[in-house]
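Number of protein chains: 2
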Amino acid sequence: MFSCWLSRLCRGLSTPTGRVTHLIQGSLSRRLMLSSQRIPELSSFVARTNTCGELRSSHLGQEVTLCGWIQYRRQNIFLVLRDFHGLVQVVIPQDESAASVKKILCEAPMESVVQVSGTVISRPPGQENPKMPTGEIEIKVKSAQLLNTCKKLPFEIKDFVKKTEALRLQYRYLDLRSFQMQYNLRLRSRMVMKMREYLCNLHGFVDIETPTLFKRTPGGAKEFVIPSREPGKFYCLPQSPQQFKQLLMVGGLDRYFQVARCYRDEGSRPDRQPEFTQIDIEMSFVDQIGIRSLIEGLLQYSWPSDKDPVVVPFPSMTFAEALASYGTDKPDTRFGMKIVDISDVFRNTKVGFLQDALSKPQGTVKAICISEGAKYLKRKDIESLRKLAADHFNQEVLPVFPKANRNWNSPVAKSIMEEQRSELIRLMEIQEDGVVLLTAGEHRKACSVLGKLRLECADLLEARGLVLRDPALFSFLWVVDFPLFLPKEENPGELESAHHPFTAPHPSDIHLLHTEPKQVRSQHYDLVLNGNEIGGGSIRIHDAELQRYILATLLKEDVKLLSHLLQALDFGAPPHGGIALGLDRLICLVTGAPSIRDVIAFPKSFRGHDLMSNAPDSLPPEELKPYHIQVSWPADSEAEKSSLNQPYHPES
Amino acid sequence: MFSCWLSRLCRGLSTPTGRVTHLIQGSLSRRLMLSSQRIPELSSFVARTNTCGELRSSHLGQEVTLCGWIQYRRQNIFLVLRDFHGLVQVVIPQDESAASVKKILCEAPMESVVQVSGTVISRPPGQENPKMPTGEIEIKVKSAQLLNTCKKLPFEIKDFVKKTEALRLQYRYLDLRSFQMQYNLRLRSRMVMKMREYLCNLHGFVDIETPTLFKRTPGGAKEFVIPSREPGKFYCLPQSPQQFKQLLMVGGLDRYFQVARCYRDEGSRPDRQPEFTQIDIEMSFVDQIGIRSLIEGLLQYSWPSDKDPVVVPFPSMTFAEALASYGTDKPDTRFGMKIVDISDVFRNTKVGFLQDALSKPQGTVKAICISEGAKYLKRKDIESLRKLAADHFNQEVLPVFPKANRNWNSPVAKSIMEEQRSELIRLMEIQEDGVVLLTAGEHRKACSVLGKLRLECADLLEARGLVLRDPALFSFLWVVDFPLFLPKEENPGELESAHHPFTAPHPSDIHLLHTEPKQVRSQHYDLVLNGNEIGGGSIRIHDAELQRYILATLLKEDVKLLSHLLQALDFGAPPHGGIALGLDRLICLVTGAPSIRDVIAFPKSFRGHDLMSNAPDSLPPEELKPYHIQVSWPADSEAEKSSLNQPYHPES
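Residue numbers (numbering that gives the first Met the number 0), protein chains in the order written: chain A, 0 to 651; chain B, 0 to 651.
Derived from the structure by calculation, the hints contain no laboratory data. Computed from a predicted model, the values in this text were never measured in an experiment.
Identical copies carry no separate label here, and so any pair may be met within one copy or between two of them.
No more than 20 angstroms apart at the CA atoms, straight line, and that leaves these computed lysine to aspartate or glutamate pairs for EDC-like:
1) Lys-150 / Asp-542
2) Lys-193 / Asp-206
3) Lys-624 / Glu-265
4) Lys-193 / Glu-40
5) Lys-151 / Asp-542
6) Lys-221 / Glu-622
Next comes chain A alone, as it looks inside the complex (with noise of 0.2 angstroms):
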């Protein structure tokens, strides 16, 4: 439906794009022939008999009613109305015995709301625009009703006017009229529908509701607090359902899914909304295994019709692996350019930093490849690389170009002798033109400076014309075998759990857990989209004494705060384990937007405001008495304070 009305806008608007309409075309016929679902009824229980978008020759005759906002208007002759579904012409009657529809007609200024009836006929031979899917009918109008006029706009509600985020966001509701908006949010509804049959309906999962007014979890730091009634007694806003959906196993529910707000207090991150929506899933008596497949089905079921579709299973790969490969635990893999140890060449180096690194125990020399570097890169590219390396992560990068004919005035780059160049041609298959980033140092580290450089290359080859990922295609990925713990980042000496304490351990290493609790591995697993984590789950810990003992001993967490679900695991927990998608980023990802507020209906700004309303605001003192809260002022905020006691006037 949406995408029908796309191509339609698309053709008919300002902005057609061949590739858009031809993709969309192609959907809805395949959808039509792959599914016997009902098409849904879009005029039901309302005023019109039909959209705008609809009306074919094969309507010619029919007598209809429409409504819809005024697009645009041609010399008072011809009327455009546009609604969700698409544009119709309307022809404005000029005969004396119509002046009143006329006058309706043209005087209503642009987007105000129209409901017109009359009789659907063909435009007459060499004016159909084959571009509007309605192109070959227009309405010729009998009666016509002004529904409501419109104020000057503060924006044109065209697509090529481009307009800031900041002004969009204020004026949300004229936005969401765009066809980027209405695209996004209706491919997004449809998704989730689909994701919901196969889950309800193929697979017997059960949609339950769980609360979001709950209490602090051991950790919580992220979490908001919601002050109640009884004095110093809050509740808190859950980052995930982790705990209910455990406790709705132990339950006998035995299937679970949710579409799950969660609750995530992180100031401002760049595309981070305060609260989020997950796809929560939990199953009893599953394993890894079992949750990968019923994701992969998922995905591959509810897989708008209008992309190439899903193919299963999804590829998968170690912790380790991506690590080592990639430099990030979510590998882009829709390219190459992959990380390659290249220690043994440089053993009898004389270059100063590649020895130094080598000399030390857990020293190792890396590199990526850039091919095609040589022609496309600029020598400030290489050395914005080198920088950014320098900076972020204070890390030396050396770049070769063994096969060029090019030698950037580099001293360190002549001491690499002719068998070392040699021998990197072969180990890393080096084609004409390929650029070495080299860098030298501890494992982890050298892989993540050129796994961040990775991605800047691919950045900057793609700015000079070259594709390596190809938009239209969707690399799925399944990391595992994460380790199960992580040295605490403010007291190294202390454990944190790498996901959450409830992750069960790897059984092939639950042998270490009271040795080496550093060497265990999780049965933890990542769901990673073109090098985005779009969903993250894991086996749950069912066992109680292992519970406590990972919680108590390992993690020095206050088990009191989790008594009930350690009591629950004792009263008789089936094996579980289960997963959340990140909703919000996988939709962003599907529809291609460029960022999680383009598929979110009113989404807060970067620092958690709602630009329309003025949310968060200020509130009287009184308001907060119920709930036994002052507001402490910093001491710098005495003139804010003043304007901001002030009752009712909270936008002042």
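Dock chain B against the given chain A, drawing on the hints supplied.
The following block gives chain B in isolation, referenced to the frame of chain A:
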């Protein structure tokens, strides 16, 4: 699926009820006949091959693997295994070679979780259990695995074991294993899924998520507040997505719905939850009839197939009629006992309080007739009804027995002359043993007290064994033509919205808006089921000027708080309307559950507490710091404060 499980558990366990079994069997076959929908695969992706509840004679000879909880064990020979889907009998092997299997199955405590593999075999002749859906077969076990043990439970997982609600809520994860909770939650999930199919797939609605971190709405005194990281700035949790759904219509989304989480802080009110769920709907270009047809179709489509089908259209009644005949805006129309105005009968009465009432300009005499009341009600019942009227309404109520030979020693009753008596019999169609309860006063007050007594009488009669309200009957009713405004409780000279300020006035009454606003009826409608309000909505104001006039001039609200909405109406807002259904209450009525807490997985207690996890809970002051708030301790809670200030020991 759940109903299948229901019947099995019902029949196999301790509370066999012929009625339920019969209904379920009927419903299952009806569903299989009516719907071509694929039956969910309940054992996909997991260790088992089948659920415990599904095995039949048709599975004989199959090798199966089952996972479940040990429900009971007989003489170390049989074991009954339970999962969400039902029960199955497992034969514990007795031969030496299977000693380890026998040991596992005989030693595991009740409610332990086991996995067994074996063959489906016939039960020996004469040992079939016709009350158990799997009663023809049993499992000859070859291998068994103890997946988890169970410690001593706080209560048995048997439906006949009575437990207090507090205990059930504290161990909710155990309570969820009960037949009734599984049935309720699965019915809820299924019904919501059908609603989504109806809205999305059949009628093109778009499922859109709206924010829950919003700002205070005017008059939003029941909204929870959430401090942000900006000093003195707060988000609020909205009571409904009202503003957002209207803004989506302005945004041209045309048809919106959401299964929306809403929040209301009412302290402790019985059968309310601080967070609740509504089916939230909004449409453009729609009128009242359109919304009503949509909802009738929605309920008909989603109604569980094991209940009597929903008959549409639903009857409707004006607010005035509901008040006059039932004394309430949510009449229970499953039974009669309507209120009758009998003022004319008593124009010449000598009874003092009737005389008094009728001498006033608005005075009326009203009555209800309790059929068979003289037979079923005792004198103390009548007295308790009179006391209720006196205590709660300050109203005198007079019992009259027009055709009964009883006449309690009421001097007033004797003053009712024979002529009035026969007129009463005629007017109210009083039969033998009918009892009339009579009151006098201003219309609204007289109706209210009789409306309350009507429901009390029904309870009393049903406690005596009469059936007035068939529990299988679902009596839907639309109540329409509400007043748009009510006098403010604290200041009756001023007006407040009867529902909310966005409700459109009734088209016939627009002319009264400037002259007699109190007389204006609204385009609000309520949906009532068996005397409970389960939904409400309205056609909204789409005219900015009208909205400004009502907000600023009539309601004297600060329009600044709603400037974004008013501005949106200025920019081509389409006519629109919508409704919200209270999902918790609806599911509660459909399942016949005693409380909405029985249809919510993890409800809060009366006082808004999560008895399982102990939320809300105290927080150490340093966790409040980022939010620039501190607790204002009431003077008498110093002791509490000192205990609560202990960080990380919130349960102490």
